[in-house]
Every structure is written in C-alpha cells, then in structure tokens.
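> Here is how the chains run, residue by residue.
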Amino acid sequence: MSTAERLLRRIGRALRVARARAWPLLQAMRQGAMSGARAAAGQGQAMPEIPGLPSGLKREQPLIPVDSAASRALVAVIAILTFLAALAGGAAHMVATASSEWRSAISNEMTVQIKPDPRRNIEDDIARAARVFRGAPGVAEVRIVPRAESDRLLEPWLGAGLQLAELPVPRLLVVTISRSSRPDVEALRQSLRREAPTASLDDHGLWVGRLSTMANTLILAGVVVVLLVTLAAGLAVAFATRGAMAGSHDSVEVLHLVGANDAFIAREFQGRFLKLGLEGGAIGGLSALVVTVVLGWISLSWSSGPGADQLKALFGAFEIGWTGYLIVVSIAALVALIAGLVSRLTVQRHLRQMA
Amino acid sequence: MVRFEGVGLRYGMGPEVLRDITFSIEPRSFQYLTGPSGAGKTTLLKLMLLSLKPTRGLINLFGHDVTRRQNDALSAARQRMGVVFQDFRLLDHLTVYENVSLPLRVKGRDEASYRSEVIELLRWVGLGERMHSIPPVLSGGEKQRAAIARALIVKPELLLADEPTGNVDPTLARRLLRLFMELQRLGTAVVIATHDLNLMDQNDARRLVLADGYLHVDG
Ligand SMILES: Nc1ncnc2c1ncn2[C@@H]1O[C@H](COP(=O)(O)OP(=O)(O)OP(=O)(O)O)[C@@H](O)[C@H]1O
Ligand SMILES: [Mg+2]
Numbered sequence: 000m001s002t003a004e005r006l007l008r009r010i011g012r013a014l015r016v017a018r019a020r021a022w023p024l025l026q027a028m029r030q031g032a033m034s035g036a037r038a039a040a041g042q043g044q045a046m047p048e049i050p051g052l053p054s055g056l057k058r059e060q061p062l063i064p065v066d067s068a069a070s071r072a073l074v075a076v077i078a079i080l081t082f083l084a085a086l087a088g089g090a091a092h093m094v095a096t097a098s099s100e101w102r103s104a105i106s107n108e109m110t111v112q113i114k115p116d117p118r119r120n121i122e123d124d125i126a127r128a129a130r131v132f133r134g135a136p137g138v139a140e141v142r143i144v145p146r147a148e149s150d151r152l153l154e155p156w157l158g159a160g161l162q163l164a165e166l167p168v169p170r171l172l173v174v175t176i177s178r179s180s181r182p183d184v185e186a187l188r189q190s191l192r193r194e195a196p197t198a199s200l201d202d203h204g205l206w207v208g209r210l211s212t213m214a215n216t217l218i219l220a221g222v223v224v225v226l227l228v229t230l231a232a233g234l235a236v237a238f239a240t241r242g243a244m245a246g247s248h249d250s251v252e253v254l255h256l257v258g259a260n261d262a263f264i265a266r267e268f269q270g271r272f273l274k275l276g277l278e279g280g281a282i283g284g285l286s287a288l289v290v291t292v293v294l295g296w297i298s299l300s301w302s303s304g305p306g307a308d309q310l311k312a313l314f315g316a317f318e319i320g321w322t323g324y325l326i327v328v329s330i331a332a333l334v335a336l337i338a339g340l341v342s343r344l345t346v347q348r349h350l351r352q353m354a
Numbered sequence: 000m001v002r003f004e005g006v007g008l009r010y011g012m013g014p015e016v017l018r019d020i021t022f023s024i025e026p027r028s029f030q031y032l033t034g035p036s037g038a039g040k041t042t043l044l045k046l047m048l049l050s051l052k053p054t055r056g057l058i059n060l061f062g063h064d065v066t067r068r069q070n071d072a073l074s075a076a077r078q079r080m081g082v083v084f085q086d087f088r089l090l091d092h093l094t095v096y097e098n099v100s101l102p103l104r105v106k107g108r109d110e111a112s113y114r115s116e117v118i119e120l121l122r123w124v125g126l127g128e129r130m131h132s133i134p135p136v137l138s139g140g141e142k143q144r145a146a147i148a149r150a151l152i153v154k155p156e157l158l159l160a161d162e163p164t165g166n167v168d169p170t171l172a173r174r175l176l177r178l179f180m181e182l183q184r185l186g187t188a189v190v191i192a193t194h195d196l197n198l199m200d201q202n203d204a205r206r207l208v209l210a211d212g213y214l215h216v217d218g
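The listed protein sequences derive, respectively, from chains A and B. Under numbering that gives the first Met the number 0, the first residue of the first sequence is numbered 0, with each subsequent residue one higher. Under numbering that gives the first Met the number 0, the first residue of the second sequence is numbered 0, with each subsequent residue one higher.
One chain only, chain A, in its complex shape (with noise of 0.2 Å):
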C-alpha cells in the first residue's frame, strides 16, 4: 500500500469517527430546539458542519446591494483616467532618465571649434589648440576628431555626393572632463585665443540649460496630469459613493437598527470601492503597459530605418524599464488607494449627516 493511499484512508477514518460523534449533539439540539441552539452557541467553534447544509447557500455576500449598472461605469472611469495617467507618469519617467542620461554624457564633454582660415595652417591651429588641452588641470583627455569623421556627421545634412575637401568645413577637438576636478573654463579659452585665434571653445552649458529646462516642463506637465486625473477619480468615486448610499438608503438603516455603527457600515462601502477601484486600475495600468510595449516594439523597427538617432535622441529609447513599470503599477495602486478612501470619507460625512 503506497503512502498517499494510507493517507487517504486515515482521513476517511477520521471523517466517519467525527460524524458519528456529531449525531448525537445534532439529535439532542433538534429535541431542544431553542435551548439546543444555545448549547450550541455555548460550544461555539467547536460545533461541526452540519450535514445537509445546502450546496448552493449564498453566504458573505455584501450587505449593501450591488448596483451593477453603476459599478461597471466607475470602472471604466477609473480605467480611463488610470491609464492617462499611467502614461503621463510613463512619459516623464522616460523624458526624465533620457535627459539625465545625455545631460551627463553632454556635460562631461566640451567641444573646439577650428574654424579654416585660408592665411594659416588649420593642421598647425589644431596641434596648438591639443597643447592648450593636453595636461591641463581638469581635463581628462583630449581627442582630435578626424578629417572624414567630421565630413560623415555633415553628410546628413548636405548630401552624400558633395566634395566636402573644397567645403571650408570647421575641424573638431573633443575634450573630456576628468571626473574629479572641473577644468578652468576661462583661463583654457584665453590661452586658446591666444594660441589659435580662429578656435572657439564650446562648454555646452547653454545648450544644457535650454534642454534642462525643456525635460523639467515635461515632466512637471507629467506630474500635473498624473496629480489632476487623480483628483478626477477621487471626484468620481466620492459622486458615486453617495449615489449607492442614497439607494440604499433602506438598508444602511436596517444595519443601524440591528446594532452595526457607523464603522461598520463604512467598511462595507470603502470595501466595495477600493475594489472597484482595483479593478478598474489594474485594467487602466494593464493597458498602459501594453501600450508601452507595443511603442516599444514599434521604435525598435524604427531603429532599424534612417533617422532613427534623431528620435531615439530626442524621446529616449522606448524601454522604460523596470522603474517605469514600477511607476505605471504604483500610479494604478494610488488611484485604487484613493477610491477606498474616497468613499470612506463620504459615507462617515453621509452618516453623521444622517443621525
């Protein structure tokens, strides 16, 4: 005999010894009728099933009736407005990682600009100009950016077919910011001018500023939408809370009259709606994700075609990444949170209004 077997027997033993132990309480409670039950609300927990339970008794249901007309409308609301702000909140998540990224990688660097000047040798400006970086307190290293290197990041913008060597085109040096120490910005630029007069020294700091400034809209807009479609489900469900207690406004009175206070019946009410409130976030939070996934897949066939540097510059790449789920599924909770709380306040304002 296996194991499970041996099992399976014990329990049915077990079963048959507890119903014949039970019967006759059952017996002697149905002569007693009354003082039977009491006896048996003395013995409380210990009391077993009693057989003939029927299957299909509904039990725990809520105590305040459904409207379900109404439900599944607050749903969709909460759906919708979760899912905007789903997306607002996806969106400056994604503005936020990308313009920190190439403001650090931005930053980090500063660019010299070798403008051509037919009296002089451009190759001898650029050594001189390397000099002036080369060793300087601050500066980590120094890069001449070559010839055809500079002619290629032009080609988008003037055509493939053109002779770019008759083009008096600027030449470029990429000084990169050592970690440690910040460089003297000022002092290398007069020795700059000083040793190549047709050089410009370029610390990004205006273009850093500009899109700085751009990102933090966004993502303050992000925030704004985020906080305003909040405030809309708040609204929603508070309207919708006080429509369920005016139409049960018969039951909320028997539960009064049979002993629950006010505790109580708010309960049953915040109960239902932070439900309702979790369903309909979790079907707004849901369809954001899916919708961030499938942008997602579209901007890596993007990438694949031309100019995809340009948007991946300018949008970030569409990956949000596990902090940006993290962002969709807390802003579902909040909603939810807030649905639960919402109807709370309004049905402990409703019954005080009451007595």
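Everything labelled a hint here was simulated from the structure, so no lab data went into it. Some hints here could point you the wrong way.
[Stated by the list, open to error] Distance condition first, Cα-Cα at most 25 Å in a straight line; then the derived DMTMM-like pairs of lysine to aspartate or glutamate: (1) B:K52 - A:E252; (2) B:K45 - A:D249; (3) B:K106 - A:E252; (4) B:K45 - B:E4; (5) B:K45 - B:E162; (6) B:K154 - B:D109; (7) B:K52 - A:D249; (8) B:K154 - A:E252; (9) A:K274 - B:D109; (10) A:K114 - A:D201; (11) B:K154 - B:E110; (12) A:K274 - B:E110; (13) A:K274 - A:D249; (14) B:K154 - B:D64; (15) B:K52 - B:D64; (16) B:K106 - A:E59; (17) B:K154 - B:D91; (18) B:K106 - B:E4; (19) A:K114 - A:D150; (20) B:K45 - A:D66; (21) B:K45 - B:D217; (22) B:K106 - B:D64; (23) A:K114 - A:E185; (24) A:K274 - A:D66; (25) B:K154 - B:E25; (26) B:K154 - B:E128; (27) B:K45 - B:D19; (28) B:K106 - A:E165; (29) A:K114 - A:E165; (30) B:K106 - A:D249; (31) A:K274 - B:D64; (32) B:K154 - A:E59.
In this text the structure is predicted, and so the values were computed from the model without any measurement.
Starting from the known structure of chain A, fit chain B with the ligands onto it as the hints suggest.
For chain B with the ligands alone, coordinates are given in the frame of chain A:
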C-alpha cells in the same frame, strides 16, 4: 432594564402622539403592549429601540440615560436587543439565511461559528427549506418568521416584537408565542405589541395599554 419617565413625543409640529408615558420593564419579564390601531404602539417601540428621540422626558436603557447619547453607544445598546418590525425590514438582496445571520455578522462573528445556530433556528421556525430564498419571493408569514428569527438569533436581553403574529395562522401564532415564552424563561425580557385578543388570552401576562396617547398598566 427599561425605564420611561414622563416621556412625550410628537412628530414634527403635529399633536403629541404619546403623552407623559411612565413605566418600566424588568429583566426576564413578559408583557403585551396593546391599544387600538394608531394609538402609538410602534412609536413607543421605536423610542425603546432609540430610533426616535423623545420630545420630552427621560428614557433609561440598560442603566444608561439614552436621551443624549452618541451613535456608537446606541449601536452597542441595540446589539443587546432583538427587534421584530411590523414591516419586517428584511434586506431584499440577501437570502433568508443571510438576513437571519445579519446581527451576528454585524457583531463581527465568523461565518463558520454561527452557521449551525442559524440553520437550527431557521428549521425551528419552519424556514429550513426556504433559507436560500430572498424575501421578495416569500409569503407574508414566511417573512414574518424570518424577521422573528433575526431578532432571536442574538439571544437578546430585550426582545421587542411589533405584531409578530399578524400574518400567520392561529396554530403557528401559538407556536411562535411558545417560542417567545421559552425565550423569556431563558432570561430575555419580552415586549409584544399586538391587538390580537386571542393571542393575549393565551397567557396571563402584564398588559401595557395605550389609549389617547396615555399609557396604563393592567396586572
Ligand atoms: N413618521 C411619522 N410622521 C408623522 N406621524 C406619524 C409617523 N409615524 C406614525 N405617525 C402617527 O403616529 C400615530 C401612532 O402611530 P403608530 O404607528 O405608533 O401606531 P400603532 O399603534 O403602531 O398602530 P398600528 O396598530 O396600526 O400599527 C398615528 O396617528 C400615526 O399617523
Ligand atoms: Mg404599529
């Protein structure tokens, strides 16, 4: 257990429905509240249930002056009472089983702990077969028995029943009366509002008679 002193009540600006009511109800006592239709029986029960506030006078319940008490204290007092309403007040979206277990659920008890009690009581009042029906499909008498079961399930210290036999045949009425008397024997104070003389003749209990807004006590 219940003490009224010079209690008066008027609805809005209308005439006084109850005037200068003074009486008390002892623990483990049994009494009828009677009087013609419109005399104010239901009104008096509502005062005891604290769902109406008196316009004057004092009401003392379970040793506390309840005329100036807050909501939560009222619910605590109500949990010690069982009430059968004249219009039943069952919740139409819940089954009979759930309606009867409502006071226990409100007390925060676990469903498994009261299941057998509720079913036993439902069988006793003859609703064993109807426990998963909802009130709208029940007959008047069945609703009444469900309402009675809901009042009895908490083993109240005070039972208030408003016309509890108004919708049942005389045999069942006698059976229900025996149930109330059994309850009193086990320690509950029982107040039954009725104008059914046959019912009151079944036992020799104190009678509180309402007429013209005044109350006088027989026996
Ligand atoms: N909410 C109310 N507003 C105004 N008047 C009311 C209200 N409830 C009851 N009344 C009046 O108070 C009086 C007493 O009513 P109550 O219901 O207490 O009588 P009752 O003795 O229970 O009658 P019945 O035997 O028919 O049930 C009646 O005249 C009734 O019209
Ligand atoms: Mg009445």
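> Given the hinted pair B:K106 and A:E59, is their Cα-Cα distance within 25 Å?
14 Å, holds
> Quickly compare the C-alpha distance for B:K154 and A:E59 to 25 Å and report which way the hint goes.
21 Å, holds
> Is the Cα-Cα distance between A:K274 and B:E110 25 Å or less?
Judged against 25 Å, a Cα distance of about 21 Å means the pair holds.
> Are the Cα atoms of A:K274 and B:D64 separated by 25 Å or less?
41 Å, violated
> Sort out whether B:E162 lies within 25 Å of B:K45, counting only the CA atoms.
Given that 25 Å is the threshold and the Cα spacing comes to 14 Å, the pair holds.
> Regarding the pair B:K52 and B:D64, is the alpha-carbon distance no greater than 25 Å?
12 Å, holds
> Given the hint that A:K274 pairs with A:D66, test it: the Cα-Cα distance must not exceed 25 Å.
14 Å, holds
> Check whether the Cα positions of B:K106 and B:E4 lie no farther apart than 25 Å.
Judged against 25 Å, a Cα distance of about 31 Å means the pair is violated.
> Given the hint that B:K106 pairs with A:E252, does the C-alpha gap stay at or below 25 Å?
16 Å, holds
> Take a quick look at whether B:K154 and B:E25 sit within 25 Å of each other, Cα to Cα.
17 Å, holds
> Check the hint pairing B:K45 with B:E4 against an upper bound of 25 Å on the C-alpha distance.
16 Å, holds
> With a cut-off of 25 Å on the C-alpha distance, tell me whether B:K154 and B:D64 pass.
23 Å, holds
In the structure shown, a violation is registered for the earlier hints numbered 18, 20, 28 and 31, in ascending order.
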